[in-house]
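Chemist: Make a model of the complete structure from these sequences and hints.
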Amino acid sequence: MNIHEYQAKDILRRAGVPVQPGEVAETAAAAEAIAARYGTAVVIKAQVHAGGRGKAGGVKLAKTPAEARAHAERILGMSIKGLVVQRVLVAQAAEIASESYVGIIVDRVSKRPVVMVSPAGGIDIEEVAATTPERIKRVAVDPRYGLQPFEAMQCGFFLYRDLHRARAAARILRQLYEAFMESGASLAEINPLVSTPANELVAVDAKISIDDNELDRHPDLAALRDETAEAPSETDARKANLTFIKLEGNVGCVVNGAGLAMATMDLVKYYGGEPANFLDIGGSSNPEKVINALRIITSDPQVRVILFNIFGGITRTDDVANGIVTAIRQHPLRVPLVIRLTGTNEHEAVRILASAGLSAMTDMDEAVRAAVAQVGAETAA
Amino acid sequence: MNIHEYQAKDILRRAGVPVQPGEVAETAAAAEAIAARYGTAVVIKAQVHAGGRGKAGGVKLAKTPAEARAHAERILGMSIKGLVVQRVLVAQAAEIASESYVGIIVDRVSKRPVVMVSPAGGIDIEEVAATTPERIKRVAVDPRYGLQPFEAMQCGFFLYRDLHRARAAARILRQLYEAFMESGASLAEINPLVSTPANELVAVDAKISIDDNELDRHPDLAALRDETAEAPSETDARKANLTFIKLEGNVGCVVNGAGLAMATMDLVKYYGGEPANFLDIGGSSNPEKVINALRIITSDPQVRVILFNIFGGITRTDDVANGIVTAIRQHPLRVPLVIRLTGTNEHEAVRILASAGLSAMTDMDEAVRAAVAQVGAETAA
Amino acid sequence: MSIFIDANTRLMVQGITGRDGSFHTRQMLVYGTAVVAGVTPGKGGQTFGDAAAGAPPVPIFNTVADAAEATGANVTVIYVPPLFAADAIMEAAAAGIPLIVCITEGVPVLDMTRVYPFVQDHGARLIGPNCPGLISPGVCKVGIIPGRICIPGPVGLVSRSGTLTYELVDQLTRAGFGQTTCVGIGGDPINGTNFIDCLSAFEADPATTAVVMIGEIGGTDEQDAARYVSMHMSKPVVGFIAGRTAPPGRRMGHAGAIISGATGTAAEKVHALVESGIPVGDRPVDVVSLLRDRMPAAQRSAG
Amino acid sequence: MSIFIDANTRLMVQGITGRDGSFHTRQMLVYGTAVVAGVTPGKGGQTFGDAAAGAPPVPIFNTVADAAEATGANVTVIYVPPLFAADAIMEAAAAGIPLIVCITEGVPVLDMTRVYPFVQDHGARLIGPNCPGLISPGVCKVGIIPGRICIPGPVGLVSRSGTLTYELVDQLTRAGFGQTTCVGIGGDPINGTNFIDCLSAFEADPATTAVVMIGEIGGTDEQDAARYVSMHMSKPVVGFIAGRTAPPGRRMGHAGAIISGATGTAAEKVHALVESGIPVGDRPVDVVSLLRDRMPAAQRSAG
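Residue numbers (the working numbering), protein chains in the order written: chain A, 1 to 381; chain B, 1 to 381; chain C, 1 to 303; chain D, 1 to 303.
Please note that the accuracy of each hint is not assured.
[What the hints assert, rightly or not] Not close to chain D: a few residues of chain A, all C-beta gaps over 10 Å, as computed:
#1 Arg14
#2 Ala166
#3 Gln330
#4 Thr344
[Claimed, not checked] With a straight-line cut-off of 16 Å between C-alpha atoms, the simulated EDC-like cross-links for lysine to aspartate or glutamate are:
#5 Lys269(A) to Asp282(C)
#6 Lys81(B) to Glu230(B)
#7 Lys111(A) to Asp124(A)
#8 Lys43(D) to Asp162(A)
#9 Lys63(A) to Glu95(A)
#10 Lys111(B) to Asp121(D)
#11 Lys137(B) to Asp66(C)
#12 Lys269(B) to Asp282(D)
#13 Lys43(C) to Glu178(B)
#14 Lys55(A) to Asp124(A)
#15 Lys239(A) to Glu274(A)
#16 Lys207(B) to Asp162(B)
#17 Lys137(A) to Asp282(D)
#18 Lys111(B) to Glu127(B)
#19 Lys111(A) to Asp66(C)
These are computed hints drawn from the structure, not numbers from a lab. Idealized CB from N, CA, C, for every residue including glycine.
Modeler: Right under this line is the structure:
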């Protein structure tokens, strides 16, 4: 789960990190009031879960409160990568002597949290990694011990040659590490970490992503979720305990299991079709999940055919069949349906489907070909 | 550093442990007021750093506020093992169904914190260890991971057969472990941990000792030190950065280094004398330390001779000599002085001593014999 | 023969009285697996019985240590809620259980950063989490892979997926290719056992004559495995990679199935496998024909 | 010959610019020890020089890793304040320094519970903390043992104490017994190297023909060592135990020198040593005569 910059900064502030002062505003008037209170130049920053907001015009410097109001007016309501800006952060503009990057991710190769620092801050770290990898220092932290002071100091000296700033950076890294661990984060970064002309360090932009699996442990963080910043169909799917990702094609897919779902999409593509989505109804599916899955998929106007691919193991195929029949009775489909079912209770499933006038295949390859053919047929028609 | 029961309970309460409600009182009137406010039977408990306070009459049950006042009156000012009771804890009397022991120490063999639990609570754990060792369960906690929930549950089930109390005990153990680690403790124990007739657990007595080496890291804990609960000479020595332990003999010893100090005491005893103290002036001694050492030793009226045994390594023997001369000039000694000096700058030291009319030996054995002979001579005189 | 589990497996089930644990314990008992102990705190002393399974009642214990001591269990399978899985794995490792299979999905990845070294410190092997477990057809089943889709034979199978594994096992079985062991290693970013661990075990297993590996997008485990195969394996390996159509930066269900920047794409993985001499099927069904090309007919179902 | 340090020792000093660190670095340089690097954060690039020592200036680095990489130091000695000692030890271990000697006194014991496994995880040896270090007379000195009281010879010495060690070394030297190496392992309850580690090194060192071990009250390290000597050592060992007059329950200066209940008394230790064939001197001076009885005169000062 991504959280907004201002939320990430709140977490860092509580962890002790020196953060550029700022407050969030939902109206231009509020933005003006904050700027007036600060009495300094401010930066108005769109709060959206999308990269490249600067290029999109979502970050503006304002020298006066009036200017702050004008910028906020323009940014609020702006659409960045399909997401509408609902809030801006009004932050005191920092004096910048130099910019660094400090971040932590979970690294699957070392199986550890990895601290990354670079004196090339203010730009995307992946770009630095691609162009000047020697300007990044990585420390794989042994989670049995945590980030040690000496490790943080090594990073501090990689960023700054003087003891004062090296120490300050080391302190910030340890605070960032604490915040990372305590939030159950999968990513926490400060970019840029600014060094001011007075040699003080301050976090000017920050990003934290929380591992979804941690949210039950952190209700306070779960409450930070901003549903206006997500595609509505994905919010809907999440609430129904489905894993759903919207794509650009027209073959709607309902599959049990993530690997099988990807393989199904791949096969749709192999036969010349385009998948409309990734949708995993999970292992222990019940009819309700199937009903929700159908509702979400059919709300996509691009979908021209719906393909079920169910391999019953834990999943009982009769549950799936019941879900399909119930859903169709409630809301008759306006697109054709191709069903592949095999495994646990498949005879019962076939009987249930037949009673509603539906038929099912047992072979995956055959079913995918049939679904793609439907689209082709319709497109041709 | 030992802290009082009421201080230990405050720490445990903050860590979330269910602790028997209680407040501390310095007067009998305050004790009565607390009892009146509780409206229950209370226990009046002397707060001293000494075991066996129950046997000494320092713990009394009071059914009424008046009774509480009467007991407090008797206990306040009472002397237990040489320590005068300055405060009492007035605690609500707990209903006791059973008593357990839970504690944590640092174990030098496993080099780990070791959790110990026993269903035989309310008595000294060393007695349980000696008589029924099978009634103690020990878990050496890997400090890289901390006390794991499953380890705490194993202890919980060792104490109680039902899930409710096993879980409650496990929770308390994890809280105790946190308190132990965060306080820099060398010992933390709850004895007894009481199970009430309603199957709830509550800490009825608690003890925490803090590692002296941690105190600079924990000024809040250092502030808990109760100097009225220590021998004044030891408080005095601590403030002068000397390690001093008062003993019962009459040969005062001033030595540099703990091992050499013990060996010196042993040698005094070997030659028929009795050491009056252990005193280590440490490695990098300066004249001030020597002056303080002499002041502390001479304040003991039992001391009949003072023996210096200095092996100069880091310690400069001329510093020691200067300290001796300065101290004697300020406060002429009323007992004989035997000095053994060898090592760094010993010629200069001998010169300094000679200028004040003092002589020094170089051999430890000889010096100790001379000191013991002085006492023998004086006793004979 | 088989890898990791066999006729000597004495299985413990952690979370035996839970919804998933009890359901799958019955399935494992029916399959003939020796389930010797269950663990549910607070239910120590009770038993888990199912007359239909025709097996004696399984004693339940409060702790893994108690269960291990009383029954000599040498494998454990874990069905506990995600936030308790790390503790369950560590409890099993601390009790000296050498093989720990964690079915639970949704274990926080930071929990796994501590679990992984703990399991190593205790010399145990962890399979999973978020995996379907493993099965040595006709001999022993640990986890949730449906027994009826498997038959004994000479093919080893290792996969990061669940139902996609079933799909491919089913196709192998229908084509007459029996299996020594099918292992699901799970789709999380940090798991206990990787492709190489399984491939080297299959290489060492005399009964296995060919291996199918099923990968998916995310990470570099398949690429590392490909290098390993080209350097250390004598037996034929064929592959399948799911996620050719997955968009970058989106987690495809499995926590580990995510393309980060240019790393972890299906194209990159397919390329690495093919370069290392591992043919990769474009469709699941292709795996069967690729395998047939590399195995003499006589070996296809010899267990 | 010697144990742990020799003519190939390339020494790093952590805390080289501090009061104690700079004083003792000079002493070590004067003794002829190859001090190749110093570490003081923020002073990287400067040098530590002392014309009187007649040695080239020692380069200073910000971190141990930098120092190790630049100079190939293979031993480090630590003089930093107590609350920074754990980090300094761990930094040295993580940088791959195989021998770490920590002089600092007053390190919290809970810090040591984490430091100890960290050092082991990195395959290093720690001597100390709260120890005087070690010296191989005439060859190399690491720590604070005064060089002038030692002479080369065939006696190994290991001790939990500081000045008591000097006292005994001094007596050995005056009696003509030279030393291979004198090691102070420190008086803390948890330290990196114990008696057995040193005894086994002395047993393996061809130049050592007899060993003196100096123990004190607290713990069971001497008792364990006594058992070890009786089972594994061919060379004569003589002992001394300080603290016969120490009262129970009081910490005698050293954090580890405390009698808890009935454990750790001098009587118990003396008994264990004598039972294992290790004669124990009643007085420090007795150690010399006990040693003389067990060593041929020809060996006494042969280096």
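Chemist: Quick check: which numbered hints come out false for this structure?
Modeler: 2, 7, 13, 15, 16, 17, 18, 19
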